[in-house]
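Chain B is fixed; fit chains U and Y onto it per the hints.
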Amino acid sequence: MDRKAITPGELIIEGEDYLPGEGTEKRGKGIYAQKFGLVEETNKLIRIIPLSGTYQPRRGNVVIGKVENINFNGWIIDIGAPENGFLSLMEVPRYVNKDALEEVMEIGDMVVAKIWNMNKRGIDLSIKSRGFGKIDEGMIIRINPNKVPRVIGKEGSMVSLIKDETGCNITVGQNGVIWIQGDTIEKELLAKEAIMFITENCFVSGLTEEVKKWFENKK
Amino acid sequence: MTTIKRPDGRKFDELRKIEAKVGIIPNADGSAMFSFGDTIAIAAVYGPKKMHPQHMQNPEKGTLRCTYNMLSFSVTERARPGQNRRSQEIGKVTEWALSPIVLIDKYPNNVVDVHINIIQANASTRCAGINAAAMALAHAGIPMKGMVSSVSIGKLDKQLVVDLCKKEEDWEEGEGATDIPITFTNEGEITHMQLDGKITQKQLKEAIELGRKACKEIYEIQKKALKDAVDEEK
Amino acid sequence: MNSTQTTPKVTEEKIKKYLNQGKRFDGRKPEEFREIIIETGVSKNAEGSARVKIGKTDVLVGVKMDVATPYADSSNKGNISVGAELLPTSSPRVENGPPKFNSIEIARVVDRGIRESKFIDLEKLCIKEGEKVWNVYIDIYSLNDDGNVLDAAGIGAIAALKTARMPKYNEETGKVLFGEWTNEKVPLSKNMPLSITFYKIGDKIIVDPTLEEEDIIEARVTLGLTKEGVSSMQKGEKESLTIEELNGILDLSENLFSEVFKKIEKYLK
Chain B
177 MDRKAITPGE LIIEGEDYLP GEGTEKRGKG IYAQKFGLVE ETNKLIRIIP
227 LSGTYQPRRG NVVIGKVENI NFNGWIIDIG APENGFLSLM EVPRYVNKDA
277 LEEVMEIGDM VVAKIWNMNK RGIDLSIKSR GFGKIDEGMI IRINPNKVPR
327 VIGKEGSMVS LIKDETGCNI TVGQNGVIWI QGDTIEKELL AKEAIMFITE
377 NCFVSGLTEE VKKWFENKK
Chain U
3 MTTIKRPDGR KFDELRKIEA KVGIIPNADG SAMFSFGDTI AIAAVYGPKK
53 MHPQHMQNPE KGTLRCTYNM LSFSVTERAR PGQNRRSQEI GKVTEWALSP
103 IVLIDKYPNN VVDVHINIIQ ANASTRCAGI NAAAMALAHA GIPMKGMVSS
153 VSIGKLDKQL VVDLCKKEED WEEGEGATDI PITFTNEGEI THMQLDGKIT
203 QKQLKEAIEL GRKACKEIYE IQKKALKDAV DEEK
Chain Y
11 MNSTQTTPKV TEEKIKKYLN QGKRFDGRKP EEFREIIIET GVSKNAEGSA
61 RVKIGKTDVL VGVKMDVATP YADSSNKGNI SVGAELLPTS SPRVENGPPK
111 FNSIEIARVV DRGIRESKFI DLEKLCIKEG EKVWNVYIDI YSLNDDGNVL
161 DAAGIGAIAA LKTARMPKYN EETGKVLFGE WTNEKVPLSK NMPLSITFYK
211 IGDKIIVDPT LEEEDIIEAR VTLGLTKEGV SSMQKGEKES LTIEELNGIL
261 DLSENLFSEV FKKIEKYLK
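These protein sequence lines are chains B, U and Y, in that order.
Mapping of the first sequence onto my numbering: residues 177 to 395, in sequence order.
Mapping of the second sequence onto my numbering: residues 3 to 236, in sequence order.
Mapping of the third sequence onto my numbering: residues 11 to 279, in sequence order.
For reference, chain B alone in the conformation it holds in the complex:
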């Protein structure tokens, strides 16, 4: 059952002690799929891993977005979700004068931020911690947000591998936007290619080995 492809409305499994997780629903004794994706079971909890679709924001996510607008007390950031994120000037590490918002970030700037709260009114962002803030240099690429877990790897192992092999700094936004910073454009493009390779071979088992081999061939 694990990693089996499933379509909406299909019965995944029957049994009293199974619990319906994300993307599923319990009807009678059975767990039914409500999304297209792969089935994953952990301790009787059944959920669907989506393969495609827009980014679904979650509290705690690191995201990379574009400043779309500035209002009187903060920046409105497009993070590729159905709702925009809002970065209040209170969530910036230093004091910002209400009249000087543009000096910190302008419309069109890219920014790395964390979703610290989500409620009916919207998505609240913060750039208070280290490593967050406006992006001044490097390269931005976009991938299918559903493939982000593969690019990051178990406990960050995949993205560390890319960092080591290319010498680049890589920040992966959960919303599928990735920031690459390297000494040279060639190194940045190598990291970009590696990431593309991973997204095109998402389901290959032993992907880490394949990526290592890929880097070897590139040398």
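No lab work stands behind these hints, which were simulated from the structure alone.
One thing to keep in mind: the hints can contain errors.
To be verified - In silico DSSO-like pairs for lysine-lysine, Cα to Cα no more than 30 Å straight-line:
1) B:LYS310 / Y:LYS19
2) B:LYS290 / U:LYS52
3) Y:LYS138 / B:LYS394
4) B:LYS205 / U:LYS218
None of these values were measured; they are calculated from a predicted model.
Using the frame of chain B, we list chains U and Y on its own:
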């Protein structure tokens, strides 16, 4: 009653050759192609995303919005490009055919846009469009209770047939043609049905049953197309 | 991926920096096209049709014909009408902006390329002078936009015309028998036109941009080219071109014409 010979030699309950594939439009959140013989439909899904214009936003739940468009050269006599009353009606009918299974209550103020284009037409275009749209919605990761499948059932003179082609749509002998496009969920509930022509209630019940059986076959093909997309990546 | 966001500034700077070294992100040279794949006969009710893929850009073009009375000032000539639609299918930006091109411009640029090169022999499309001529309708649809829909449209139009067959026509009734075709091809000249668009980024000229590159172009020039030279030209976008830049484009255009021609000719048999 003499049985009618179908112009392409099919049995009365035989579907045309079906081709179904997902992921054909890289930019879309979800996309699919579905064909009944020479009728080819492409659907692309974008969303959920903010609904524009703002005044059309529904603060209580998400909106499903479908457009249906026939390419000018999809038919033998060129169709003037752009929306007309027929395409608007089919867009609306498609929305109704899909709405019962699309779960977008948790996306207030958002819209899921479905764009259907008919590349080549040989009747049953709205059914091909609905089938492509259902696959594209699933491919886009939109939460759905299940899938829907659509087919046209026809009556040629007094004979019921499954999956009308253009020659059958234009049937003139005897009682002429009655055209019944119908859409079922995978659980067998009807989400869409239209009828043009003349038929007794008894035969209509038979037609509906034929539709249910045909849609079961179509559902298997739609499922396979989605699952094949996963295997392609493996 | 399928964002309404345009290319970010940091990436824009990288693209320009790399171009200054004569390089592009996908390894192409500035004057190099992506792979072009053409499938003809993709829409059977059309007189001719072609689906052109340049990289991930995907454009569908169809040719339909009809018979009508000619215009008074060209009573012995048939007519061409080109239409284009950027389908919302092809990009989230078609409906939600920011807008890039407008379909009318695509139609007019392709129209100009075909008309001025006299590719279609309009006089041979005359059935009876002053009374009945053939009209050729070329309709362009974008299915997926990853940059340079403009050139894909032009190539599609040529491929669709080259592989099109004339519909059957009943001389007595003066009506076209739609859905029935002869084996006759559309009367075309041997002088096949190719529309190639040159795009300016910073002070460098490239061809066939990806969407990422197309977002940051400052000016563009579409040349309608044939073996014999230039038959049409259109400059677009906000910035200006120097004479040197234009001359550079003209120099590039001859080789580019042959190269792109070579890439597509196998599909046009």
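Each hint, compared with the structure:
no.: 1; hint: B:LYS310 / Y:LYS19; verdict: holds (12 Å)
no.: 2; hint: B:LYS290 / U:LYS52; verdict: holds (21 Å)
no.: 3; hint: Y:LYS138 / B:LYS394; verdict: violated (66 Å)
no.: 4; hint: B:LYS205 / U:LYS218; verdict: holds (24 Å)
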